Amino acid sequence: MTDNASTGQPNGLAAKQQALELHFSQANYSLRGSAKGFSPILNEACGVFKSGRLTAILGPSGAGKSTLLNALAGFKLRGVSGQFLLNGQPRDMMSFRKMSAYIAQDFVMLNFLTTEETIRVSVDLKMPRSTTRAEKQKTIDDIIEILQLQSCRQTLVKNLSGGEHKRLSIAIELVTNPPIMFFDEPTSGLDCVASYQVICHLQRLAHDGRIVVCVVHQPGSRLFQLFDDVLVLAHGEVLYAGEQREMLSSFAESGFICPQYYNPADFALEVCSHSTSIERCESLIAQNKLRHCHPSNIVKLQVDEETALIKVDQETSTSDLSHLRSKEQVGFWYQLRVLLCRHLRSMYRDLMAVQMRLIMHVVIALLLGVVYWQIGADAEKIVSNVSCIFFIILFIFAGNAMPSILLCIQDSAVFIREYYNGWYSLKAYYISKVLADLPLQLACPTLFISIGYFMSGQPAEWQRFAMCWGICVMTAFIAHFIGVIAGSLFPMPLAIFLVPSATIPFLLFSGFFIRLNELSWFLRPICNVSFFRYIFEGLLRAIYGYDRGDLECHAQLGYCYYRTADQFLKDFQMQGDEFGWDLAVLGMFMVFLLISFFITLKAVIRRALR
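Numbering (UniProt numbering), first residue to last: 1 to 610.
In short, the hints are calculated from the structure, not lab data.
This structure is a prediction, so every number in the text was calculated from the model and none was measured.
One or more of the hints may lead you astray.
What the hints assert, rightly or not - When the alpha-carbon atoms are kept at most 25 angstroms apart in a straight line, the in silico PhoX-like pairs for lysine-lysine are as follows:
no., residue 1, residue 2
1, Lys158, Lys433
2, Lys98, Lys327
3, Lys602, Lys427
4, Lys327, Lys427
5, Lys98, Lys50
6, Lys602, Lys98
7, Lys327, Lys602
8, Lys136, Lys98
9, Lys433, Lys602
10, Lys138, Lys98
11, Lys327, Lys136
12, Lys327, Lys433
13, Lys427, Lys98
Start from the sequences, fold in the hints, and give me the full structure.
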């Protein structure tokens, strides 16, 4: 394993970056708590990061490491105050986002894409549309070579090792060759060998002229030696910010002597962790503020117009978060095509999402047909046939709502990251998601009703079958969007609890458990907003309405109470050939859910920065 910067690298990504210096001073952040009011997380933190150097942020748990990194990267704005300068000038957040990359600790990627496909999507969406296919392929090959991902090039993301997963997360952000890169605990969950490999790659990126900042948790001595600079945090205060080799001498000047042959990183953490250390470290804190918080110590480098950033009003930035994302590099239709292909490819490979759902719809339909074999034309078994119809409604709803909750959990994390990095617009993602879900939402109810309808002996008339099919498809779409909305807004356990809990009451007002005319007057308006009522009503009208006439009676005494279909519908208060009205109301529910899904996505992306 080679860890120096002299290793041969492809020309495109190894080019030296423009000299940069990111300086922050008087950085404060307070978390609003329920009991104690505002709890300070950062307290007048000061420091500087320079291009060409790999910097580690050290500190015990709760010291404010990730908070500081989020504030520096611009992913935490509300409640943050202080001065953030890039080459001596106040940073413009939009420009800063375009030239920086933030790789979170839990960097979620789509499991059913290969390593190369994941990088290719990033290349397609982050590079200008004018880039040729050959140039894109060269960029992909260069990144794979730099991060040594050749052996897992065609491996699915879900099958990658921890180290390969970390390197792939770096590869995604390396596409645009950003001059500033932030990493939140890139060695988390890795063994010492994989951790060393990852940090070696980051060192090479830094020595090519980038600012590379990492939050690391208790690195070993061998790993610690790879860092050029160190920033030590304790209780939101910066104890030391400077070169790694000078850290121990700075600590020694304040009375903290590191034992011989002791890991410097462990020693720094021990100093930070003592309950009385913050009082003893006042000299260290004061010395760091003197070095980095004094205006005369801010170095203003000579930069070109592209690197220089204009001043921005911080209050405007924190109140309007929508303009903080970078502008997309490709047009809407190209975004839509790339996203649609990615969604369809992921769904095709997902055993649980597609194959198992299709299989279960077929199996349950066969079971339904066996249990309710040829009862649809028998007037004596009309009540059992209604139970069969209601079971169809329940299965299609549950079989499409619950899996949709599970599927959107991972998609939401990927969507938030990619949207705020300017990969695509909200409209492109929304339309691609709706279109990509269409085949599955059409296939599952079609298979189910095609088998169950004819095995259960429903009328062998294509018009009636088409009407039942239309209702079942609408049911599947309604269930799907209820699932994705709940899965996007709430954590998975809460969403799984809320969807059945919120929809079961509407089942009471469907007309199956109690007839509509038997309800109390103040409960009857609820029937008008229960989509289950229109689903149930539409299926009954499709099967028994439209001049169905007399039903066959196979009773031993030759008497069946519901000999005519009209009498049955009349008792259920569903008489009249108004199937079109039921379908229209379900269509209005669909439009409402589509709008709600779009609003949900907007709420999710705004919530991500709070």
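Output the numbers, in ascending order, of every earlier hint that fails for this structure.
Violated: none.
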